[in-house]
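Engineer: Each chain, letter by letter, is given below.
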Amino acid sequence: MGNIFGFSISPSSTVNLDNVDFTLFDRLHELEPDAWKCMSCGSCGATCPAGNFSGMSLRKVLHNLQRGKEKEAVKMLQNCMLCGKCSIVCPRGINTRHLILSICKLYKED
Amino acid sequence: MKDNIVIVGGGIAGMEAARQLLRMGLNPIIVEKSDHLGGHVARWHRLFPDMTPASELVGGLIEATGQANIFLNTEISFMNRLKDSYNIMLSNGVSVIAKVVLITTGFSVFDASKKEEYGYGVYDQVMTNSDLEQWFNNGNDSRIDGTEINAVGFVHCVGSRDEKARNSQCSKVCCITAVKQAIEMKQKFPDAAVYCFYMDLRMFGKKYEDFYISAQRDYGIRFIRGRVSEVSENIDGRVIVKAEDTLAGKPVKVTLDLLVLMSGMVCNRDCSSIAGMISLQTDSDGFFKSRDNISDIICSSREGIYYAGACTGPKTVPETLAEARSAALEIFSYINRA
Chain S
482 MGNIFGFSIS PSSTVNLDNV DFTLFDRLHE LEPDAWKCMS CGSCGATCPA GNFSGMSLRK
542 VLHNLQRGKE KEAVKMLQNC MLCGKCSIVC PRGINTRHLI LSICKLYKED
Chain E
10 MKDNIVIVGG GIAGMEAARQ LLRMGLNPII VEKSDHLGGH VARWHRLFPD MTPASELVGG
70 LIEATGQANI FLNTEISFMN RLKDSYNIML SNGVSVIAKV VLITTGFSVF DASKKEEYGY
130 GVYDQVMTNS DLEQWFNNGN DSRIDGTEIN AVGFVHCVGS RDEKARNSQC SKVCCITAVK
190 QAIEMKQKFP DAAVYCFYMD LRMFGKKYED FYISAQRDYG IRFIRGRVSE VSENIDGRVI
250 VKAEDTLAGK PVKVTLDLLV LMSGMVCNRD CSSIAGMISL QTDSDGFFKS RDNISDIICS
310 SREGIYYAGA CTGPKTVPET LAEARSAALE IFSYINRA
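The listed protein sequences correspond, in order, to chains S and E.
First residue of the first sequence? That's 482 in our numbering, and the numbers climb one at a time after it.
First residue of the second sequence? That's 10 in our numbering, and the numbers climb one at a time after it.
I should point out that these hints are in silico values taken from the structure, not numbers from a laboratory.
Take these hints with a grain of salt, some might be off.
[What the hints assert, rightly or not] Computed, partial: chain S to chain E, Cβ under 7 Å:
| # | residue |
| --- | --- |
| 1 | V496 |
| 2 | N497 |
| 3 | L498 |
| 4 | D499 |
| 5 | N500 |
| 6 | P514 |
| 7 | W517 |
| 8 | K518 |
| 9 | S521 |
| 10 | S524 |
| 11 | T528 |
[Claimed, not checked] If you want the footprint, here are the derived chain E segments under chain S, 3+ residues with CB under 8 Å:
| # | segment |
| --- | --- |
| 12 | 144–153 |
| 13 | 295–301 |
Note that beta-carbon positions come from the ideal geometry of N, C-alpha and C, so glycine has one too.
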């Protein structure tokens, strides 16, 4: 139940981009050039029927991948039902369903 | 005898206005403080969003204004209002009686060393947008030539939208200039990671948004929403940049080989001295105050005094040229009316 007395140090939450391995994300970019087009408007997360219950948001998934947080991204993607509502609202016209399937293929292999 | 029209400033606004006035058969006199025509644009390499060489524009304007009287290395030492004209004394001793004065003094680039936390002039690998543009022009800069470039960062809004730096205005062109320069750096160093640290991206102009999408999609420029808070140097002379990734709500840190600061447009130092000579008004941002910001942007509160270009606030190149043309037309009808 945490510390009753004294201090504890929590690990730094800083994302150090020097240590992020972009190999997989670069491969995703080759497969899905649109993966980089996201401008983080949040339309996908707002319309996502799973979002209200699970916190699922494609914006966050892409953002996490770009910052090297692959585990978090893949875990979040498990809530996706592939309904495709996000592709209807995306102002940049990203084929989100296709993108999600590509992410699943690439990141689940290992 | 033809009436004299004195144009203060030989940048693109002054030259475009002179070109139009010559076409109308009038007599423009360009007074330029520096030793060259073309102002800031003459030192630029390529212009967004079509990557037009700046030299094409400036060269064309210099050719078209060959018939005008041009004084280089000359300043206005003194100007006062006569009954229906202006008496102007130039620093080279020439005195002119002018019916019309067109002010095209433009802007100054914000001095990036004032933002000490970014380390311009302190750390070797920090440069400004103008420095980078000069490197594109002459390929000669020790910050780039002697270094292996694997990671480059661009900091938006340096000295713009910054009340502490006493410039609350947006400089308008830096967002799109950063995108342009990021693409150019990616073309020169295809394997390098290129980051842009921004607060907002203001892609307001024609084809700007396409340019931004292309930077993301085709060039893989990494945009991070968050203002750089501090820059430091590591033992290898590379720079460590800290910001908050405000989309994730987490601090972010990255080591770069080169950091480019997008210095904004601030009012020209000459604004206040010229305004003082003939009691023109300046705005709270230090730029000249137009008679009306919507319908009369090129008119001053004084008869016979006109403005064009960035002397009334940050402007893009096409906006500046359009204002110069409309000022020329306004001057033409003023002279014919009087």
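Engineer: Could you check the structure against the hints above and give me the numbers of any it violates, in ascending order?
Structural biologist: Per hint list: 5, 10, 11, 12 and 13 violated.
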